[in-house]
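Put the two chains together into one complex; each comes in its own frame, and the hints tell you how they fit.
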Amino acid sequence: MIQLFHLAKTYPPNHRALTDITLEIAQGEFIFISGASGAGKSTLLKLLFREEEPSEGQILIDGKNVTRLGSRGVAQLRRKIGLVFQEFKLLPGLTALENVALAAEVLGKSKRESRTKAYQLLRELGLKERYDAKPLALSAGEQQRVAIARALINDPRLILADEPTGNLDAEVADEIMRLLLKMRDRGATILIATHDLGMIARYGKRVLTLQRGVLADSKGPPAAQGGRR
Amino acid sequence: MKISLIAFVLRRVRSNLRQLFWTHVLTAGTMAMTLFVFGGFMLVEINLQRLLKGWGDQIQIMAYLNNGLPAEDVRALIKRIDAMPEVERVRHISQEQAWRDFQTALGSQSGLLDGLPREILPASIEISLKPAQRDVAVVEQLAERLKREHGIATVEYPQEWVERLALAVLAVEWVKWMLGGVLFLATFFIVGSTVKLAVLARKDEVEIMQLVGASEELIQAPFVIEGMIQGLAGAAISIAGLWLAHGLIQNELPSMSGFWMPLGELQFLDPSSLALLLVIGWLLGAAGSLISLRRLVRSWNA
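Protein sequence lines, in the order shown, are assigned to chains Y and D.
Going from the first sequence to the working numbering is simple: count from 1 and add 5.
Going from the second sequence to the working numbering is simple: count from 1 and add 14.
Chain D with its partners taken away, still in its complex shape (with noise of 0.2 Å):
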């Protein structure tokens, strides 16, 4: 395109912003709440996956050994345990250990260990997971082959915490990809409309610009422009909105405990979410005005 039409181009989207001021505000502003919907979707997502991250790395397997077995069959077993691929460390509690443990966790309660013998409590081997292992199926495998191992009674580990972990990764991973489609439409549809309404108000220009022989590209140009810088400005918006209420909530945060622990603080939307938020911005506002001019021209020349 020669520099003259740039300068055109330009020169027509700088009038239309400014004719136009606030149709482009309303389209932006749409954007802005949709985008932020979205963006609030990512934030809560970015921070269930640490919450959930959180869970796993309390996640271990406990290992039961048989009673008398002797110091160097554990040390082995200790030895050949922590060579497994998956396990990230190996911690082994005598029967001693085990006992004082147990009365530590009693307190006062303690009392109630008297006259027990201290052999009633086995010796165990707490096995953590290296984070990338920290999957139910790998999870189960593992307790398969230590029930094999020769000196282990009994192994445990919270199997159903394991399942629902998975399940609440699985059911975020749809939510995100469903919502996001939904939203995506949504989006678009509304873009479209209030694009629609600019095209419209400005069906005479693009009438005039035909008769006079302008090309298509042309045409379209300052529009698309146009819908760019409303994407753009509409993230832009929506990111400001999201960043006012992830401090809100992380004002919240202090208070929450137990259950929210892993969490620790709460994280924004990292600069390559930020960058998607803009790019979808911008790409709805192109797609959106492009579209929708198409379909307009279209049928105004049937």
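The following block holds chain Y by itself, in its conformation from the complex (with noise of 0.2 Å):
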């Protein structure tokens, strides 16, 4: 599903955040990229997303060039995307269920539908009583499910979690962590970005591994042979 040759990215002035990156993710892999911070995991984030644009190298993404979109091309892989950061980001001024149906409702989706599928969500990530909250009133790991809700709201191929349990306990992280792995089940292809070496020793799933941005490590079978795991 994804693949990336000689990937690097380097920031002005002489900043190389990643070098050489050749590698292949299969359909519905659930993969972990660790290293300590710097290393290069969430720019590996962004190029694949397009935050950021790529030095040098090409993405690859179900066969399309990621590299050489325009601005159009940008909004559509992002629809295929669900994007889960640290941070969060929801909107303050709108409800649970508002910065769920959002993502529905900027693609089209009437109000009704939109809301819907967000309570559906919400209810099954256990905010069904939470919906009409702001997030200012939920806690972090409240806040955390109405985000992994928003990325899920549009079926996405592909789930892009940047530090997704930074800011949550182990209990919660773990609950977080359940349900990225549910989603994987259901088809999606999961990249969760971390340096928390317990959670991804606890989970055992393929890792790679950053060290100043060059791939150090790639632990478990080859995506091309393995896919889901």
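Hints are computed from structural coordinates only; laboratory data are not their basis.
Among the clues, some could well be false.
Unchecked claim - Footprint (simulated), chain D over chain Y, 3 or more residues, beta carbon under 8 Å:
1) 77-84
2) 98-110
3) 114-120
All C-beta atoms, glycine included, are put in the ideal place defined by N, C-alpha and C.
Encoded structure:
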């Protein structure tokens, strides 16, 4: 599903965030991207959803060259991707339900359809009673579940999560991980950037380890042979 | 655009107008102030043009006739002048009439004329021009032609007045465009800055919409519509302000006389000028929002 060829990113004036990354990820894989702070985990994710453009190399997602997309193409790409961030990125003025439904409404789904699906997702994620609350009235774990519901509402084929459990205690973090595994079981490809080695060890999935922008290790069978695991 | 997307945009507009009410009031107020100045200038211009036209209506050419010109020649001369395309009407003032007019003008001092021969004042033809011909070049050309006419001794016209009038009209035209241009530019930047405030307050919203795959048009549409609403509101407020100012000045007018007499009643902006103000407000709001938004989003994405 994802193919990276000699991918590199250099920030001005001369900071190399990623160097010569070549790898392949199959549909339905669940992958951790690990590494210390500044290793390039977030940069790699940003390149995948085209928040950043690579300095060198190519990215193919579903056979489409992401590096050559215009603004319309980038919008189309992001509709297939569910994004989850450490800082949740919820709009404080909207309720949990409205935050989730927003992602469907911008794609042209009706208010009723969007909100019905948003409610179903929130119920599924254990927020049935909190759908009308605004983000600031929710706990960190609840906010992250709202963000996950928003990432899932358009049935994405790919979920990119940047430190999704970084602000959560261990119990809530495990709950979030179980949710993401459930999404993988429904066929989505999941990429999680984290520096939490304990969590990586607990789930025993394929791990891409970055060290100062270089792909140092790719544990687990090659994606081309594997697929879901 | 799909109906559901239009409905989404309108919901965003409604919610944003509510959430950032005072920012919108500030923007609309700023636009109202600048449009008030511009509209005020339009008001002055319209009335100044009327004043100039009033003065122009008073411009006449006096052709003084040779003494002893036979009545037949006078009639023929009047006929020829009346047939000239620039001329609206002619009035013959005989030597008798000139004498009587002068006596009337002197009033109680008319005794000064005692003992003077009545032929001392020449007969003349008073020539009024058609409104479209009340122009310095036309007046000068016509005067030259009249001087060549048989029976005319001298031709007089208020040359200085005509030239000043032409200069005043030119000055009003220039000031209109120069001040108008400066005002438009100033309004555009002020609107751009206040819109930037509104956009910055919603930076997160723009970023999240981009992240979930909203198209550029969908992200921009609520801002542009809000800009249009602000522009129209600003223009409407400025029109209300102008109407009040017009009423206040109108009340002062009865005490004006002489110089201001041709003005009569102070005229308010006509429907096309009012529509122009609304359109300017609408366009400034939309363009200010769009350009400001694009520049900001580009800087975030850079």
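How the hints compare with the structure:
1. 77-84: With 6 residues close enough to chain D, the hint holds.
2. 98-110: Holds, because 4 residues of the segment 98-110 of chain Y bring their Cβ atoms closer than 8 Å to Cβ atoms of chain D.
3. 114-120: Coverage by chain D holds for the segment 114-120 of chain Y (3 residues, Cβ < 8 Å).
Every hint, counting from the list given before, is met by this structure.
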